[in-house]
Amino acid sequence: ATQSATAVSATPVAVVAAPVASSVKSSKWYDRIGLRGYVQMRYNQEAGGDAKDLRAPGDKFIGKDQGFGIRRARVVLSGDVSDRMSIYLQPDLASTPTGSSTTNFAQLRDAYADIYFDKAKTFRVRAGQSKVPYGWEDLQSSQNRLAMDRADALNSAVRDERDLGLFFYYSPGVAAERFSYLQKSGLKGSGDYGVVGLGFYNGQGANRPDRNDQLHTVLHLTYPFKFANGQYLEVGADAYAGRYKVASPTSVSIGGSTFTPSVNAPAEGSVDRRVAAHVIYYPQPFGFQAEWTVGRGPELDVARKTIRTKSLRGGYAQVMYKFDGEFGSLMPYVKWQTYRGGSKFDTNAPRMLVDELDVGVEWQPVKEVEIAVAYANMRRTDVTTAPYARVDGNLIRLQLQLNY
Amino acid sequence: ATQSATAVSATPVAVVAAPVASSVKSSKWYDRIGLRGYVQMRYNQEAGGDAKDLRAPGDKFIGKDQGFGIRRARVVLSGDVSDRMSIYLQPDLASTPTGSSTTNFAQLRDAYADIYFDKAKTFRVRAGQSKVPYGWEDLQSSQNRLAMDRADALNSAVRDERDLGLFFYYSPGVAAERFSYLQKSGLKGSGDYGVVGLGFYNGQGANRPDRNDQLHTVLHLTYPFKFANGQYLEVGADAYAGRYKVASPTSVSIGGSTFTPSVNAPAEGSVDRRVAAHVIYYPQPFGFQAEWTVGRGPELDVARKTIRTKSLRGGYAQVMYKFDGEFGSLMPYVKWQTYRGGSKFDTNAPRMLVDELDVGVEWQPVKEVEIAVAYANMRRTDVTTAPYARVDGNLIRLQLQLNY
Amino acid sequence: ATQSATAVSATPVAVVAAPVASSVKSSKWYDRIGLRGYVQMRYNQEAGGDAKDLRAPGDKFIGKDQGFGIRRARVVLSGDVSDRMSIYLQPDLASTPTGSSTTNFAQLRDAYADIYFDKAKTFRVRAGQSKVPYGWEDLQSSQNRLAMDRADALNSAVRDERDLGLFFYYSPGVAAERFSYLQKSGLKGSGDYGVVGLGFYNGQGANRPDRNDQLHTVLHLTYPFKFANGQYLEVGADAYAGRYKVASPTSVSIGGSTFTPSVNAPAEGSVDRRVAAHVIYYPQPFGFQAEWTVGRGPELDVARKTIRTKSLRGGYAQVMYKFDGEFGSLMPYVKWQTYRGGSKFDTNAPRMLVDELDVGVEWQPVKEVEIAVAYANMRRTDVTTAPYARVDGNLIRLQLQLNY
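Residue numbers (the working numbering), protein chains in the order written: chain S, 10 to 413; chain G, 10 to 413; chain L, 10 to 413.
FYI, nobody ran anything at the bench for these hints, they're computed from the structure.
From the three backbone atoms N, C-alpha and C, an ideal C-beta is built for every residue, glycine too.
Hints may contain errors.
What the hints assert, rightly or not - Short derived list, chain G residues pointing at chain S, Cβ under 7 Å:
hint, residue
1, 91
2, 94
3, 100
4, 120
5, 184
6, 186
Claimed, not checked - Straight-line C-alpha distance at most 27 Å; calculated BS3-like pairs for lysine-lysine:
hint, chain 1, residue 1, chain 2, residue 2
7, L, 235, L, 376
8, G, 37, L, 376
9, S, 193, G, 37
10, G, 376, L, 128
11, L, 235, S, 37
12, L, 193, L, 235
13, L, 128, S, 37
14, L, 193, G, 376
Please model the entire structure based on the sequences and the hints provided.
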């Protein structure tokens with residue numbers, strides 16, 4: 010606590026020239042820092058099959074006895090606090106501490122600064138908790154995503170898409186302008202994570218302490234091409250590697266046998282490495298988007314009663330169309346995803362099989378409101394509870410998103 | 010995370026016309042969104058009887074070995090983000106997750122948007138977590154309430170007065186202006202929840218996931234009459250119905266018998282329905298305020314060792330007087346409340362008997378500061394711990410409220 | 010929840026003269042309230058000895074298997090909301106509720122108002138949760154501190170440096186101007202806690218409920234002298250007294266014996282009282298800073314298997330030098346600290362022996378960024394786990410601080 014009235018004090022104190030040169034752009038705090046955010050409210054309705062037994066990592070309001078849910082309630086504090094530094098602080102107000110029976114507490118998603126090495130902001134380091142530049146949909150804000158949830162194949166790589174570390178980005182001018190345009194124009198770009206990104210981070214995921222004395226490394230490459238007719242196409246690839254410490258295994262009963270799996274990995278954790286590729290043909294008006302990943306990571310081997318390194322693979326493909334008119338913007342889409350691999354975030358890292366087809370439409374009558382409706386056929390492993398059964402069910406999903 | 014410097018970027022990016030028409034009123038975020046709030050600090054002093062054994066749902070700082078407490082620390086982000094939508098986000102910074110030994114975490118109270126169906130804002134839907142329009146004192150902000158706590162008869166209906174859902178309000182112009190005046194004038198109105206309100210919500214209370222596949226329904230009617238001499242009178246009634254899932258019962262020892270109550274209700278939960286009526290004769294300068302409710306809800310039946318649907322009833326009456334002068338505003342009041350019914354929020358839903366008399370005064374020297382002193386005679390069931398004893402005690406209660 | 014669009018409503022409601030006179034300075038909320046903050050990101054690297062076994066109260070990222078950590082993520086809402094009142098709300102977004110496996114939740118640090126008794130703001134009461142005016146380094150913001158962590162001798166007095174209560178401060182004009190200058194000039198002052206301060210507070214520490222029916226009392230004296238050559242010297246002393254309730258003891262195994270300590274104290278808690286003195290010769294450019302404390306408090310007596318009142322003592326001394334130039338501000342320092350006494354915040358209140366030497370440098374290239382590097386030789390009791398072993402190890406410590 011510094012003096013009480015620091016920010017907007019009218020007390021006649023002697024204002025002196027600070028020995029450290031200020032590079033602040035404005036004397037008004039509200040010109041340096043902006044505040045915005047969004048809220049997502051959901052409702053899932055069972056529509057056949059074993060929908061009541063479905064569980065999905067992307068939405069805790071899927072399953073039986075669910076009503077309305079607040080999926081995300083975000084507040085973003087951000088701004089160019091000086092010529093060479095911008096900050097970004099984003100708590101989520103719909104988070105739950107472990108063990109709490111009430112929900113909707115405020116927990117950090119992002120807390121980072123971009124520090125620019127040059128005036129043109131071509132080179133920068135992003136220091137703090139931020140998105141790990143692996144995958145494309147993982148980098149795209151949930152505020153902009155068309156589908157309800159991210160594809161599990163890619164999203165099972167980095168917990169909450171984020172980690173704590175240092176990330177270096179190279180964004181030459183033309184690419185930076187395109188990244189910005191693709192986001193602001195309503196084309197649902199992913200934002201600017203450079204055409205080249207290189208990062209070093211803890212590796213256990215957002216808001217989790219590190220558990221080994223090693224850092225993960227990630228390399229990110231992408232480029233937004235623009236055709237003569239104005240059509241944008243983004244193509245890229247990423248890779249990361251590190252050691253991941255799974256949670257302490259607990260006793261499971263599968264197929265008549267009850268056992269507590271051992272962890273077949275050295276003290277610094279299990280092998281955790283993936284490569285991914287993405288292609289996005291932006292919806293002008295027809296669009297296409299696909300990603301694929303392969304890699305290796307910890308996975309429960311029921312036969313051997315151990316959690317050991319196994320291979321994984323999966324991805325998704327999506328087609329969409331953007332209708333613009335007096336009614337606003339209307340975007341129907343079809344998304345198919347698949348995943349075969351371990352669910353390393355969950356206790357015992359069970360094998361997760363996902364085959365899901367979503368058909369939906371997002372309507373944005375004005376910039377501030379988005380209404381999405383989707384029909385989903387999900388075939389998913391329930392990775393939350395042994396014996397990790399496969400469930401097949403259908404859902405009608407509704408989302409109201411409020412942007413402010 | 011979108012691009013880092015979204016809000017107040019000075020980077021020369023190509024700004025393009027968004028295909029979705031913006032209905033935003035101002036280009037400055039701080040003209041669209043406002044920030045305000047209040048903090049309540051309390052001190053309760055035992056003043057006779059078994060005051061040390063008192064427990065009250067409205068104030069966790071009642072009881073033995075208590076010092077100062079922060080009852081509420083609210084921050085409100087709100088504003089008309091477009092012609093047709095306003096948002097309201099209110100975290101409380103004095104909340105505690107279950108199981109945490111430290112307190113004062115940030116947890117949502119409100120997170121909603123009002124979406125208006127007409128230009129005059131006569132019809133709207135409020136989507137998100139917001140107050141359930143049942144009762145009048147429950148809708149009045151704690152920032153405006155004269156008495157320290159809400160009456161239990163009405164406040165035992167909806168946990169933290171709020172739930173997640175869709176609420177439709179009809180506020181014709183004259184009524185809307187009066188609701189606004191009654192709040193801004195210092196007359197301590199409840200705000201605008203329509204002259205007619207109809208809502209559908211989860212039913213388990215604020216920040217709690219739903220536990221059945223049904224919604225609660227609430228209907229709200231109220232009207233602010235204005236007499237020729239300028240005196241305001243508000244009269245109304247509300248009703249709600251739904252199924253409430255009580256917490257898992259735990260073993261209790263009452264009257265020499267130890268048992269774990271069974272729950273006598275179907276899988277979707279216990280009957281939970283109430284009707285209520287209110288009359289408020291606003292303090293110009295003399296005021297009178299009363300509410301009464303009857304209904305049915307889950308309640309522990311000790312003789313049958315079960316939690317079953319039983320009837321409940323109760324309410325309160327309050328007289329107050331508003332002195333205005335150079336000293337600011339001074340409002341003495343006397344409030345009497347009673348309740349006979351189950352405490353459904355508490356484990357085992359014990360029967361709760363409340364008879365309480367409060368005599369107090371609130372002094373508001375300037376708009377930013379309110380000091381309240383009250384003497385309370387409480388006769389209350391301790392619903393937190395079996396055998397759910399009735400306690401009779403007296404308290405001197407102090408509150409300092411800071412509005413910003 | 011009051012009416013939705015309170016803050017920046019454009020709805021044409023009848024605006025009336027409030028009966029309570031407003032003393033608000035500006036009609037714009039953003040001129041009354043300001044928002045700023047800072048984030049500290051750390052990395053500790055073992056550098057010899059038993060560094061992996063080190064544990065320190067000031068930094069949970071010390072110890073084995075640690076990577077990057079967010080030590081503090083602060084957001085400050087503050088401002089002069091009227092002529093006679095200023096408010097200060099500071100959540101930390103890097104806090105963890107007890108029992109949660111994920112971190113970085115928002116929890117209050119400060120929540121107080123300064124209410125001024127005179128126009129010149131010479132006399133004021135600070136009501137709410139705020140820093141307890143004991144010690145000098147404890148009052149200095151972590152945003153301004155040169156060393157990574159506070160000295161344990163003084164910081165073991167008040168949990169998180171703060172408590173809930175009423176604090177009266179006397180700040181005559183000359184001293185108030187100097188306190189302000191010493192902070193804003195980059196000389197790393199502690200802010201204005203008066204030349205005389207007197208406070209009454211719960212005594213169990215920030216964000217912890219009181220546990221007895223007594224308040225702690227603190228008295229604070231300090232004065233910032235200014236020599237003819239412009240050199241500042243601050244000298245002062247403080248004292249506090251009260252009763253502290255230690256946590257419930259748990260079973261420990263020490264020296265072949267296993268026992269659960271008894272607590273040798275009355276129901277209202279253990280004796281808890283200290284006096285402290287400080288001297289700060291501000292770095293213009295050479296600086297010197299030292300504090301010492303003695304007192305009595307609860308401490309585990311292994312021989313008697315009890316927690317009883319024992320004496321404690323300790324302090325620190327620091328020398329520093331401030332280089333200013335085109336590179337910004339560079340401040341090398343050497344800090345030595347020692348402590349011999351109980352660690353009352355920890356279960357069983359074990360005896361804590363600390364001898365630590367830090368050699369470091371803080372570089373502030375621009376006002377918004379601070380980079381600190383330090384080498385530390387720590388000899389510390391691990392007070393988190395019995396048998397409370399003494400550990401000797403060396404660390405290289407890095408901190409990146411972002412001010413916004």
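To see whether the hints hold, each was checked on the structure:
The interface hint given for residue 91(G) is met, as the beta carbon of that residue sits about 5 Å from the closest beta carbon of chain S, less than 7 Å. Interface restraint check: residue 94(G) against chain S, minimum CB-CB distance 5 Å, threshold 7 Å, status holds. Because the smallest distance between the Cβ of residue 100(G) and any Cβ of chain S comes to about 6 Å, under 7 Å, the interface hint for this residue holds. At about 5 Å, the closest approach between the beta carbon of residue 120(G) and any beta carbon in chain S falls short of 7 Å, and the interface hint on this residue holds.
Nearest Cβ of chain S to the Cβ of residue 184(G): about 26 Å, over the 7 Å cut. The hint is violated. Because the smallest distance between the Cβ of residue 186(G) and any Cβ of chain S comes to about 25 Å, over 7 Å, the interface hint for this residue is violated. With a C-alpha separation of about 25 Å, the suggested pairing of residue 235(L) with residue 376(L) holds against the 27 Å cut-off. Restraint check for residue 37(G) and residue 376(L): satisfied, since their Cα atoms lie roughly 26 Å apart, inside the 27 Å limit.
Taking the CA atoms of residue 193(S) and residue 37(G), the gap is about 17 Å. The hint holds against a cut of 27 Å. With a C-alpha separation of about 17 Å, the suggested pair residue 376(G) and residue 128(L) falls inside the 27 Å cut-off, and the hint holds. As the CA atoms of residue 235(L) and residue 37(S) are separated by approximately 32 Å, the hinted pair breaks the 27 Å bound. For the hint pairing residue 193(L) with residue 235(L), the CA-to-CA distance comes to about 16 Å; that is within 27 Å, so the pair holds.
Distance restraint check for residue 128(L) and residue 37(S): the Cα-Cα separation of roughly 26 Å lies within the 27 Å cut-off, and the hinted pair is therefore satisfied. Using a Cα cut-off of 27 Å, the hinted pair residue 193(L) and residue 376(G) is violated, with the two alpha carbons roughly 31 Å apart.
Hints 5, 6, 11 and 14, counting from the list given before, are not met by this structure.
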